[in-house]
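Knowing the structure of chain C, use the given hints to seat chain G on it.
If you read the protein sequences in the order shown, they are chains C and G. The first sequence runs 1 to 264 under our numbering. The second sequence runs 1 to 281 under our numbering.
Treat the hints as calculated values from the structure; they're not laboratory data. Careful, some of the hints might be misleading.
Mimicking DMTMM-like on lysine to aspartate or glutamate, the simulated pairs with C-alpha atoms at most 25 Å apart in a straight line are [claimed, not checked]:
#, chain 1, residue 1, chain 2, residue 2
1, G, Lys136, G, Glu180
2, C, Lys176, G, Asp102
3, C, Lys176, G, Glu138
4, G, Lys259, G, Asp210
5, C, Lys176, C, Glu161
6, G, Lys136, C, Glu161
7, C, Lys176, G, Glu130
8, C, Lys176, G, Asp123
9, G, Lys136, G, Asp102
10, G, Lys259, G, Asp231
11, G, Lys259, G, Glu204
12, C, Lys176, G, Glu141
13, G, Lys136, G, Asp123
14, C, Lys176, G, Asp112
15, C, Lys176, C, Asp158
16, C, Lys176, G, Glu180
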Amino acid sequence: MRAPTETPVKTPMRGRVALQRTALLVLFILAWWVASLFTPVYVLPGPDRVAQRLWMLATEGDLFGNLFTTLVRVLAGFAVAVVIGVPGGILLGSNRALGAFFEPVLPVMNTVSSAIWAIFAIIWFGLSPLTPIFVVLMTALPLIITNVWQGTQAVNADFVELAHTLRFSRMRTLWKIYVPSILPYFFSGARLAFGFGWRVSLVAETLGASSGVGYRLRQASDLIQTDQVFAWTIAQIVMMVIIEIGILAPLERHLFRWRRDVRT
Amino acid sequence: MTITPAPDVLTAAARHHPVSGSGSPHPHAVSFRHVSKRFPRDGGTFEVLRDVSFDVPAGEVLAVLGPSGSGKSTLLNMAAGLIAPDGGQVMVLGHPTDGNVDWSRLGYMFQDDRLLPWRTALDNVTLALETGRTPKAERRERAQSRLALVGLAEFARSFPHQLSGGMRSRVALARSLVTEPDILLMDEPFSRLDAQTRTTMHEELLRIHDERAMSIVFVTHDVEEAVILADRIVMLSPRPGRLHTELEVTLPHPRLGTKEALELVGELRAAIAGMNADWVI
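Looking at chain G on its own, in the form it has when it is part of the complex:
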């Protein structure tokens, strides 16, 4: 493998590719503008993010790629409105996160499936709709159709402990999709699955993304996963997290195992090696 300095990655992979507007009123689903963040630690503070700016164009799958300590989960939590930036601004669907964002238009998928063990698969999916407005019959109907979408219609009445890791992950995906979000935030959602199941989930996610106009922000430390999924990759360097590289990926799907995808993975890994970070690749 050749070690290429970062700027070469940009020229090699950033092929021009106009982003279609897809009729959305907001050009960007999420915008990070000069975002910085510190957390208190051991009496002092610890800088997590420094001056990070990038946009998530509407309808795109954007992968935030970075080693641990690059603050990628923090970025996601900012987009979800769970954490406020110390400096800069985060805009969601054209509104600042400290303003009036319609949070029901966001879905969130965690690193673990986070299913409530006392609820059946169906009731875990309806949970996302239990904020008062949707009548019960409609909640169940929508949850059932979402379970069908991820191929689990027959397991609606199963409890989480009766399901395999991949099935649980699908239930979690169904739960984050049942509100029909415009933006899906995903925090390494498949990192705990075995390689084969992960590949299936990637195909599933891309199929669902094709079917509905939805922006996805996908946080991962797995270079291959980012290349397989993303229309755009934002790479962060660690401690503090800074924007290292932003590039568009225009390779046709499916990408798994194709020569071009492998080349791009190689280039990105080379860039990471140049980053001098303890990144497991």
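Extracted from the complex, chain C is given alone in its bound form:
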């Protein structure tokens, strides 16, 4: 049974978007190929050569191993940021004095470049997996705290009053009213943090790791294997697109299916 205002998914629209995306991709590869005809191969290798290299890395090389290594590090740093950031953001949001006291910390943390975090990490942890994990953590943490904090400010006082009339305990009110109200804010913060985390993890790996996509990127560039640099770049972009389309977007659609669709 459908509610009167619910609109069915429009498949023709989706088909057109897919067509547009494909056209854009073809156009890009074409431009790349034309440009590569007039440039030396160590400056801009053509798409055919990069595809060949990518295939080699995937079949005989360490493509998936390194993608996996980097992904695990990003997830590890991200997970620690969530474990600290969510209770931290709720605490700062629920206690005004505490929030006012710690308020300057977040913008200051945001101004520190990920390269600086990487250098500190190398000093403290050396060439170890902890280095990229630490850098991801320090980048993701302020984003998650800020968003969760904002989420606590957005909790509707009327809903809290409703919980009072239902005689909900503090824990129950937290769980039934606060958490669902904060969730959209947490989700947008987490998404941002994950994207940032992935990018800075590569920086950290080029500076202070002996494995992972970032390490292999630097290695290829040191050896002037430009086609490999391109291959790794494409591999990591494809992975992020798959995560976005395959996991994050459907998850968001499911979690926030209660929202009124504002697109027209």
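Relative to chain C, chain G alone:
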């Protein structure tokens, strides 16, 4: 319209009508005894209620009628145990509100529908049962039957934004009824609906009140709404809120548009005019 002083309203409308006990152990669902209340404002205090006393007999629909600033919502929040009076006492089901009242026997309906946007209609109704004791399957079953009672069985899985104002109001009503309360407290619950939907909700509420033994305290500033619904009307005067008139309404239902109801509305409006309050009527 003739302007009649308040005491005449009493003699005109207070026809004797014995209140049936309906087998309830407590003669009064709610009793207000010399209740007064001040709120802090601008460094000083502001008197909201002064020495208000009246009873809500068990099983009756009582309308608290008053302009803004007469403290009618404050009275309701006292009955709900959300606010304590500064002076006097509020008794709910025979117990003082600062004592051991069984709050699960009260339902509360707000001025807005106050539905959680992330929950379906059904899950909004189950919310009132989510205090730990009722198993999940039973919660859903009871919520579903309550949605059916307000005519929304087919919309259980719809989210609030997919429902019309009237439907949302029905979901809120179902939520306040799902705990099977003995007392239903209503704070201008239909004031934001259009006239036609409001009339439908009035009929619905009276039908549900007929089906189960339940006391209703209905706060409103709408004279017509009070006359259509109430067995008893308590009228407050503003700033501070004081008891102006208490009267029983014995007219048969339905009352909308009947000559007697219109007369009573006219009399009450005349009394309000004599009250010299800025009351939109």
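Okay, the hints, checked on the actual structure:
no., hint, verdict
1, Lys136/G - Glu180/G, "holds, 17 Å"
2, Lys176/C - Asp102/G, "holds, 22 Å"
3, Lys176/C - Glu138/G, "holds, 19 Å"
4, Lys259/G - Asp210/G, "holds, 23 Å"
5, Lys176/C - Glu161/C, "holds, 13 Å"
6, Lys136/G - Glu161/C, "holds, 24 Å"
7, Lys176/C - Glu130/G, "holds, 9 Å"
8, Lys176/C - Asp123/G, "holds, 11 Å"
9, Lys136/G - Asp102/G, "holds, 22 Å"
10, Lys259/G - Asp231/G, "holds, 17 Å"
11, Lys259/G - Glu204/G, "holds, 22 Å"
12, Lys176/C - Glu141/G, "holds, 20 Å"
13, Lys136/G - Asp123/G, "holds, 11 Å"
14, Lys176/C - Asp112/G, "holds, 19 Å"
15, Lys176/C - Asp158/C, "holds, 14 Å"
16, Lys176/C - Glu180/G, "holds, 22 Å"
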